[in-house]
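Go ahead and model the full structure; you've got the sequences and the hints to work with.
Under our numbering, think of the first position of the sequence shown as 1, with each following residue one higher.
The set of hints was computed from the structure by calculation and includes no laboratory data.
Just so you know, not all the hints are guaranteed correct.
As the list claims (entries may be wrong) - For each label pair, taking beta carbons as the anchor points, the in silico distance ranges come out as:
id	residue 1	residue 2	range
1	99	48	22 to 32 Å
2	51	16	20 to 30 Å
3	76	39	25 to 35 Å
4	50	99	39 to 49 Å
5	48	75	19 to 29 Å
6	39	107	20 to 30 Å
7	59	36	23 to 33 Å
8	79	51	19 to 29 Å
9	15	69	50 to 60 Å
10	87	11	48 to 58 Å
11	99	46	17 to 27 Å
Each residue gets a CB set at the ideal place from its N, CA and C atoms; glycine is no exception.
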Amino acid sequence: MNRLKVPKTILITFIFLLTSQFINLAYASDPGTTGANFLKIGVGPRAVGMGEAQVAICNDITSVFWNPAGLVRIESQEASFMYNLWFESISSQYFGYTYPHPTLGTFAGSI
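If you want it as structure tokens, here you go:
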């Protein structure tokens with residue numbers, strides 16, 4: 001029976017050493033950075049000021065970004081330009097335009 005315990009302990013030790021090598025892969029190489037964070041930057045001072053709780057009450061040009069269904073509430077032509085300069089020279093720009101057609105609905109676009 002002692003003969004069977006030796007291979008088990010060697011096997012358990014080998015598995016432990018093998019799996020402990022992958023622990024370093026769980027840590028990010030550049031902590032604090034992720035890809036495509038610029039997509040999380042909000043649009044419009046009202047929405048950003050409200051903590052980005054804008055989805056249900058969107059009734060202006062920024063609804064193109066937050067909730068396109070809110071375009072139904074727009075009653076006149078609107079245009080919006082935004083330039084936001086963040087730290088580390090990160091900037092975001094936004095342009096949006098809506099045209100509410102009397103019979104066909106609202107046409108909108110944004111960049």
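Do the hints match the structure? See the list:
1. 99 / 48: 22 to 32 Å: holds (25 Å)
2. 51 / 16: 20 to 30 Å: violated (46 Å)
3. 76 / 39: 25 to 35 Å: Check passed, 29 Å falls within 25 to 35 Å.
4. 50 / 99: 39 to 49 Å: violated (26 Å)
5. 48 / 75: 19 to 29 Å: The hinted range 19 to 29 Å holds for residue 48 and residue 75, with Cβ atoms some 24 Å apart.
6. 39 / 107: 20 to 30 Å: holds (24 Å)
7. 59 / 36: 23 to 33 Å: 28 Å Cβ-Cβ, so the 23 to 33 Å window holds.
8. 79 / 51: 19 to 29 Å: holds (25 Å)
9. 15 / 69: 50 to 60 Å: Check passed, 53 Å falls within 50 to 60 Å.
10. 87 / 11: 48 to 58 Å: With Cβ atoms ~52 Å apart, the hint holds.
11. 99 / 46: 17 to 27 Å: With Cβ atoms ~21 Å apart, the hint holds.
Of the hints listed earlier, those the structure fails to meet are numbers 2 and 4, in rising order.
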